[in-house]
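Asker: Letter by letter, the chains look like this.
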Amino acid sequence: DAGITQSPRHKVTETGTPVTLRCHQTENHRYMYWYRQDPGHGLRLIHYSYGVKDTDKGEVSDGYSVSRSKTEDFLLTLESATSSQTSVYFCAISELAGITDTQYFGPGTRLTVL
Amino acid sequence: AQRVTQPEKLLSVFKGAPVELKCNYSYSGSPELFWYVQYSRQRLQLLLRHISRESIKGFTADLNKGETSFHLKKPFAQEEDSAMYYCALGIQGAQKLVFGQGTRLTINP
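Protein chains in written order, with our numbering: chain P, 1 to 114; chain F, 1 to 109.
I should point out that these hints are in silico values taken from the structure, not numbers from a laboratory.
Do not take every clue at face value.
[Stated by the list, open to error] Simulated restraints, written as ranges between beta carbons of each label pair:
no., chain 1, residue 1, chain 2, residue 2, range
1, P, Ser83, F, Ser55, 39 to 45 Å
2, P, Thr82, F, Gly58, 42 to 48 Å
3, F, Thr68, P, Glu95, 26 to 32 Å
4, F, Asn64, P, Asp56, 27 to 33 Å
5, F, Arg3, P, Asp62, 15 to 21 Å
6, P, Lys70, F, His50, 32 to 38 Å
7, F, Thr5, P, Ser69, 36 to 42 Å
8, P, Glu14, F, Ser52, 43 to 49 Å
9, P, Gly51, F, Phe14, 47 to 53 Å
[Said to hold, decoys possible] No farther apart than 35 Å at their CA atoms in a straight line, the calculated lysine-lysine pairs in the DSBU-like style are these:
no., chain 1, residue 1, chain 2, residue 2
10, P, Lys57, F, Lys9
11, F, Lys22, F, Lys9
12, P, Lys57, F, Lys73
13, F, Lys73, F, Lys9
14, P, Lys11, F, Lys9
15, F, Lys57, F, Lys15
16, F, Lys9, F, Lys65
17, P, Lys53, P, Lys70
18, F, Lys9, F, Lys57
19, F, Lys57, F, Lys22
20, F, Lys15, F, Lys65
21, F, Lys65, P, Lys57
22, P, Lys70, P, Lys57
23, F, Lys73, F, Lys57
24, F, Lys22, P, Lys57
The structure presented is a predicted model; accordingly, all values stated were derived computationally and were not measured.
Think of the CB as a built atom: it goes at the ideal place given N, C-alpha and C, for glycine as much as any other residue.
In isolation and in its complexed conformation, chain P is listed as follows (with noise of 0.2 Å):
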């Protein structure tokens, strides 16, 4: 597995608190990535980074902010957690650029939101 790991694994929480999922890689890869996992709907993208401080939207980004600032760490924020946003969390990364190089994938955390 290449070197990327995320905190917490698993994580319960109450509807309007705020959580902040990281991603710390050792890779030094310049790309790094938020999907969201949900039966039905397959991986979608939430956010992507491009570089320190650089960061995107994906295509579910409301409700999420990110913020990268350090090569190795990305941080997910849910400012106040909905149910919806029960999910499974993963992290990728990717030293190019992600449409022709390979994403490295997370463990992934599980994140339930009563």
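Given the coordinates of chain P, assemble chain F onto it according to the supplied hints.
Answerer: Coordinates of chain F only, in the frame set by chain P:
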């Protein structure tokens, strides 16, 4: 809009039988297509990409631009092929992938 469709959520075949996982895409540009796989208790990983025209673990996929398809095929399924398979489309200029809904493949002994 860019879209990837995998029409089968579940697919079950017997060991030794041929298997085909369907993938159709909608994209006005020149497509870059991939298959990713997630085995039980493992991370999602790249299986193959169309530009490489390679065979991985006996699987092949041919891009058919006329039918806008990128079906994944294997002539003789093995039990270890049981997994979740995702087709993905690369969006040029955007450095991102669009994934399909996934197909869970089960190989019966």
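Asker: Hint by hint, note whether the structure agrees.
Answerer: Hint by hint, here is what the structure shows:
Take Ser83 of chain P and Ser55 of chain F: their Cβ atoms lie about 43 Å apart, and the range 39 to 45 Å holds. One distance hint, 42 to 48 Å for the beta-carbon pair Thr82 of chain P and Gly58 of chain F, holds here, with the actual separation near 43 Å. Distance hint check: the CB atoms of Thr68 of chain F and Glu95 of chain P are about 29 Å apart, consistent with the given range 26 to 32 Å. Between Asn64 of chain F and Asp56 of chain P the beta carbon distance is about 31 Å. The supplied range of 27 to 33 Å therefore holds.
For Arg3 of chain F and Asp62 of chain P, the Cβ-Cβ distance of about 19 Å falls inside the hinted range of 15 to 21 Å, so the restraint holds. Evaluation of the 32 to 38 Å hint for Lys70 of chain P and His50 of chain F yields a pass: the beta carbon distance comes to about 34 Å. Taking the beta carbon of each, Thr5 of chain F and Ser69 of chain P are about 38 Å apart, inside 36 to 42 Å as hinted. Checked against the hint of 43 to 49 Å, the pair Glu14 of chain P and Ser52 of chain F passes, with Cβ atoms roughly 46 Å apart.
Here the CB-CB span from Gly51 of chain P to Phe14 of chain F is close to 48 Å, well matched to the stated 47 to 53 Å. Taking the CA atoms of Lys57 of chain P and Lys9 of chain F, the gap is about 27 Å. The hint holds against a cut of 35 Å. Under the criterion of a C-alpha separation no larger than 35 Å, the hint pairing Lys22 of chain F with Lys9 of chain F is consistent with the structure, at around 10 Å. A C-alpha spacing of about 34 Å is found between Lys57 of chain P and Lys73 of chain F, which places the hinted pair at or below 35 Å, so the restraint holds.
For a cut-off of 35 Å, the pair hint linking Lys73 of chain F to Lys9 of chain F stands: about 16 Å separates their Cα positions. A distance of roughly 27 Å separates the Cα atoms of Lys11 of chain P and Lys9 of chain F; the hinted pair therefore holds under the 35 Å criterion. Restraint check for Lys57 of chain F and Lys15 of chain F: satisfied, since their Cα atoms lie roughly 15 Å apart, inside the 35 Å limit. For the given pair, Lys9 of chain F sits about 23 Å from Lys65 of chain F by alpha-carbon distance, which is consistent with the 35 Å threshold.
Distance check on the hinted pair: Lys53 of chain P and Lys70 of chain P sit about 8 Å apart at the alpha-carbon level, within 35 Å; holds. Distance restraint check for Lys9 of chain F and Lys57 of chain F: the Cα-Cα separation of roughly 22 Å lies within the 35 Å cut-off, and the hinted pair is therefore satisfied. About 18 Å separates the Cα atoms of Lys57 of chain F and Lys22 of chain F, which keeps this hinted pair within 35 Å; it holds. For the given pair, Lys15 of chain F sits about 31 Å from Lys65 of chain F by alpha-carbon distance, which is consistent with the 35 Å threshold.
For the given pair, Lys65 of chain F sits about 29 Å from Lys57 of chain P by alpha-carbon distance, which is consistent with the 35 Å threshold. A C-alpha spacing of about 19 Å is found between Lys70 of chain P and Lys57 of chain P, which places the hinted pair at or below 35 Å, so the restraint holds. Between Lys73 of chain F and Lys57 of chain F the alpha-carbon distance is near 11 Å, which keeps this suggested pair within the 35 Å criterion. The hinted pair formed by Lys22 of chain F and Lys57 of chain P meets the criterion: a straight-line CA distance of about 29 Å does not exceed 35 Å.
The structure fails none of the hints (numbered hints given earlier).
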